[in-house]
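J.: Chain by chain, the residues:
Number of protein chains: 2
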Amino acid sequence: MLTYWNNYPTIQNKLQTVCSLIEERLQVENPDIQDALIEMTQAGGKFLRPAFFFFFAELGDLEKQDPIQLNKIATSLELLHMATLVHDDIIDDSPLRRGVSTIQSRFGKDVAVYTGDLLFTVFFDLIIETMNASEYMAINAQSMKQLLLGELNQMASRYKSNGSVENYLNSINGKTAELFSLACMEGAAFGHSSPEIIQQAANIGRNIGMAFQIFDDILDYTSEKEELKKPILEDFVQGVYTLPLLLAKESNPDVFLPYFKKESQVTIEEAEEVMQLVIKYDGVKQAKKYAKNYTNDALESIDCLPKSPTRKALKKLTTQLLIRTY
Amino acid sequence: MLTYWNNYPTIQNKLQTVCSLIEERLQVENPDIQDALIEMTQAGGKFLRPAFFFFFAELGDLEKQDPIQLNKIATSLELLHMATLVHDDIIDDSPLRRGVSTIQSRFGKDVAVYTGDLLFTVFFDLIIETMNASEYMAINAQSMKQLLLGELNQMASRYKSNGSVENYLNSINGKTAELFSLACMEGAAFGHSSPEIIQQAANIGRNIGMAFQIFDDILDYTSEKEELKKPILEDFVQGVYTLPLLLAKESNPDVFLPYFKKESQVTIEEAEEVMQLVIKYDGVKQAKKYAKNYTNDALESIDCLPKSPTRKALKKLTTQLLIRTY
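Chain order of the listed sequences is B and Z.
Residue 203 in numbering that gives the first Met the number 0 sits at position 204 of the first sequence; the count goes up by one each step and never skips.
Residue 290 in numbering that gives the first Met the number 0 sits at position 291 of the second sequence; the count goes up by one each step and never skips.
Wrong hints could be hidden among the right ones.
[Stated by the list, open to error] BS3-like, lysine-lysine: derived pairs with alpha carbons at most 25 Å apart: (1) Z:Lys260 - B:Lys108; (2) B:Lys306 - B:Lys291; (3) B:Lys260 - Z:Lys108; (4) Z:Lys306 - B:Lys108; (5) Z:Lys260 - Z:Lys63; (6) Z:Lys306 - B:Lys144; (7) Z:Lys63 - B:Lys144.
[As the list claims (entries may be wrong)] Derived contacts from chain Z toward chain B, CB cut-off under 8 Å, selection only: (8) Ile89; (9) Ser93; (10) Leu95; (11) Met154.
Just so you know, the hints here were simulated from the structure itself, not pulled from any lab data.
Glycine included, every Cβ here is placed at the ideal spot set by N, Cα and C.
Here chain B stands alone, though its shape is the one from the complex (with noise of 0.2 Å):
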């Protein structure tokens, strides 16, 4: 998907070294897995969290930048997050990620967990070529606890009925704003900014995380089968309550209880009802303002680094990333 940054042809150089680098480093000797993990990474995403690792470093002193370092923490970010999304799709079974087979339907889940657990040894080498004995070992660390610990709380909080949006957002900001946070603050450190910039990328990283998201939990509720390329509400299903059912739901709790109550039972009609509904109460809409509200501060936080193409750009993609439907 590195036609998503045509408009940004420096960025998607990178991010082809990226690609390659992913590809080099993922050696397995069974020919089946290797493909998988090759097709997968080739499908794959945005390679967003790379690509904001290297935006806040394009802010930093380009003379003291050592390119091949670079390249390899922006690559750690995604192994990283490429772990994370193996062993979630062991978790929710599910077929499809971006709409090619995941690892765990094709392989089964054994595979998929050892399969997830090598890619993170992979992020732990890159991370130790780059930046041992630096303070960032320690933040890796963290904030992979931080995510796993995110999932947990995510999974803790399954086919619970009185899930609060206090807590839907701590797991969030573990699971998918922690990552984001950090590519964006290793982009800084790593480019050679001051430690004023590297904390406000770490923020500003953090906010943009919250609303990606938050956007993405609405889309469950927006969005046709076919775009969305998973099942429709398979969080719900899953008993995963998200920002727009917490909200229709706490103005009218009665409306939603039978259908939490069948838990793993519900139907696809009553999931299909249920998006009705959180649609009805104004789930999507209050969700949307929340979600806007994380935008405008990463937005406003931009607008304070110094001036500068990248910074522009910055904005741009952020702003397109995450204000495109509202």
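Add chain Z to chain B, keeping to what the hints say.
T.: Structure of chain Z alone, referenced to chain B:
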């Protein structure tokens, strides 16, 4: 199971500290998972990897040692081991481990995936705290990768009736011997032994690990169910063909072919027939020879270590662990 160490009171005390540190570090918000993790730790195995680590540390320069650092590294070894166990149990669909329900059977595969991942992150935390900037970071990452490649290799060989002894030895070298080798090596290194002793320690650990895994695989063919605390011939039913079977098959392929062909459809009665055939065709007897060779290599190398009460104890332990049933 720290009673195993009753005759080694110094080691037993140190392992108790490892146990406490594991409990301290495994703080999860979900109380069920928290309990399961603590139960797993306490019901735990023999803590062999930390124990070998401490034995080798004791051979070093005691005055230069930092007990807190040593405790953390010993703990990291057990956590890495536990992480792979939690994920292994998913693959094997195991109901029991050490006579206690597995995480996957109590909470489902979902929780087990993330719980294993979380153990990996706590392992990372500990090694970053204790050896950031040292070459041992990369050595740890390498070991973790070897462990997973060993498991992946074993999985890719499932139900393959043409499995070779060589391939088996490669698998167990990764999935088991690697971590024993790391434990002994790190004990020597962080105990401030000489580079020569560190290298010897790594070799001794590898030989002990190989013998230990072969011995474990032999038990599948010689133990009663109660003794083993897991279903008889679980590995065979899962398509994991270990050394006793591979050796018996080498000289009598036709005898075993009909059983291989049934794959996971094999009945309990048939599994018991295989067990008898493996014994009849000297699979167990020959596998014991392999185990004995690795054990002897380990013991000979232990004899070359500097003479000390620890060396004596290490020799006793290795003998007790690996040749008790010959």
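J.: Now, for every hint given, state plainly whether the structure supports it.
T.: Results for each hint:
1. Z:Lys260 - B:Lys108: holds (23 Å)
2. B:Lys306 - B:Lys291: holds (23 Å)
3. B:Lys260 - Z:Lys108: Holds: B:Lys260 and Z:Lys108 sit about 23 Å apart, inside 25 Å.
4. Z:Lys306 - B:Lys108: violated (49 Å)
5. Z:Lys260 - Z:Lys63: violated (59 Å)
6. Z:Lys306 - B:Lys144: It is violated: about 44 Å lies between the C-alpha atoms, which goes past 25 Å.
7. Z:Lys63 - B:Lys144: violated (32 Å)
8. Ile89: With a closest approach of 5 Å, the Z:Ile89 hint holds.
9. Ser93: violated (12 Å)
10. Leu95: This hint is violated: Z:Leu95 lies away from chain B, its Cβ roughly 18 Å from the closest one there, beyond 8 Å.
11. Met154: This hint holds: Z:Met154 lies near chain B, its Cβ roughly 6 Å from the closest one there, short of 8 Å.
Comparing the model with each numbered hint stated earlier shows that hints 4, 5, 6, 7, 9, 10 do not hold.
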